[in-house]
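Based on the provided sequences and hints, a complete structural model is requested.
Quick note, the sequences are listed as chains A and B, same order. Mapped onto the numbering used here, the consecutive letters of the first sequence carry residue numbers 805 to 1167. Mapped onto the numbering used here, the consecutive letters of the second sequence carry residue numbers 49 to 298.
It should be emphasised that the hints constitute simulated quantities derived from the structure, not laboratory data. As the structure is a computational prediction, the values presented were derived from the model and not from experiment. All C-beta atoms in this analysis are idealised placements derived from N, C-alpha and C, irrespective of residue type, glycine included.
Among chain A residues calculated to face chain B with C-beta under 10 Å, some are:
no. : residue
1   : Asp1059
2   : Glu1064
3   : Ala1067
4   : Leu1071
5   : His1075
6   : Phe1079
Spelled out from the first residue to the last, the chains are:
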Amino acid sequence: MAEVFVAAPDLPPPPSTVGVIGWLRENLFKGWFNSTLTVLAVAFLAYAVPPLVSWFLIDATFIGDAETCRAAGGACWSFIGAEFKLFMVGTYPNEATWRALLSGVMLVVLFVATARHMMSPLVAAILWLLLPIPVYWLLGGGFGLEPVEPSRWGGLMLTLLLAVIGVVVSVPLGVLLALGRRSRFIAIKSLSIGIIELVRGVPMITILFMATIMLPFFLPEGVELGVLHRVQIGIIIFSSAYMAEVVRGGLQGVDKSQHEAAAALGLRGWHTTVFIVLPQALRDVLPPLIGRCIALLKDTSLVIIVGLLDFLGIAKAASQDPAWLGFDAEAFVFCAAIYWTLCFSLSRYGRSLERRGHGAFRD
Amino acid sequence: MTTQPQDTVISMQGVHKWFGDFHVLKNIDLEVKQGERIVICGPSGSGKSTLIRCINRLEEHQRGRIVVNGTELTSDTKNIEKTRRDVGMVFQHFNLFPHLTILENLALAPIWVRKIPRKEAEAMAMTYLERVDIAEQAGKYPGQLSGGQQQRVAIARSLCMNPSVMLFDEPTSALDPEMIKEVLDVMVELAEEGMTMLCVTHEMGFAKSVANRVIFMDFGEIVEQNDPHNFFNNPKMDRTQLFLSQILSH
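Put into structure tokens, the structure is as follows:
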């Protein structure tokens, strides 16, 4: 007859290591160096925060014209309100603003649904790939809608359009380039490496110039592309090369044993790629892929170089409006706030994916 | 391609293989008959894993002939695919697909390789999961299962392709001691049903009770092969005696 083993009961931790006191000790006053830094940081905040608060809020003008603003001395938020439509859609015609708004709503709904994992990844991917079709129809018109020249598209709308279509097209292209780079066929492999390394070797501005100036030479007779479309193609080419390198990292990260298991089951090469390798590779690189999306969103501000008025460009233009001279700071602060909100939501989405990735799906 | 007597499943004749300069398999001759259960043992680096990996061409041999179910393994992709459909393999580290559920792991190859309709494939997958006693985990992901459970899933995944031969590459070496038995039980059951099996393993208890032939390899050669009784009680070669004395001394 064996003795019965009884596990010892769990005891609570010592009180000084938990609760508010424990947290302060651990995080703010752990040793003299840490404590000094805490005091210095508090002093700096006390010096810097009050003037900022008075400029942003206390002395700020929310309703009124330029004169009221100048008298108050703080930030002139009524300027943003007055130019709001310009910031959002540039010189897009008033009677068609609803179309831009509807496109924006579609984008936001799709983003929220994706970020909250309300659809399977496959459905989400398909919807994102299809998104440019209704958006282009709404913005550009045709098929029953009044046409609007792309030269009148601008502001935040243009920024989002360039970025979203850039991402949606360059991710699949990047996947193809990454697969091509690992191809057994030397022609495909060399071509992929050539494209990737050529594009990665030049600054984005060069690509934008090339796209606007040189692309027309490569187009067949009779085909004309507006500046916006040429720039969009340039952005896609640029982004694809970087996406390809991110995806390649993911492909290399999938263990050889996964290929072997698939081969042992009799799966063919492309079955293995589509069902086994790519899903794991993409899942692993989603956070850096999101990082590339953030970078692309910010890079679109370079299109000002070739004469397009994106969100940042329109902010600069708006602050030169004679009725509202001298409020550049407000325009750029507003611009920065919107960019930050967009990038931060993307980044949060990336984080949520990382957490999911490290959960049950991991081996 | 040559046709062989019905009961020979695998035939290796004068097989050599090199990894770069390293001569990993030397002149291997091996005939495996239908229903035979062979255990291959030997020190690490002796070529035993490479040997069975040549049978489904996860490794390519450079000299000699390997014929599986009447099909010679050459660079012909068709023959390789046919052989891989007929030969199941279980790996040391299970190699389940971590992004697919257990059921999807099992049904994938039947659907895409055997072209079985999804519904049918999933129903078949469930019967195999029941056989390895793990049906209630069908909706989970591999990462949520214990090692022993994962290995049983891996066995079921191979069986779903209805193979005529099963290769086991150290199936219990990566398992906690408490989980080895559940995997060996499944393998014993398979053996009792008449499955042709080649197992690289150091589970000598399994070899004694299940195998009808034990092969000892060292330095890329088959040093000695015999039925388990004679292999363990009257090993002929000194190298075999030394190996057995080392693994059985504790």
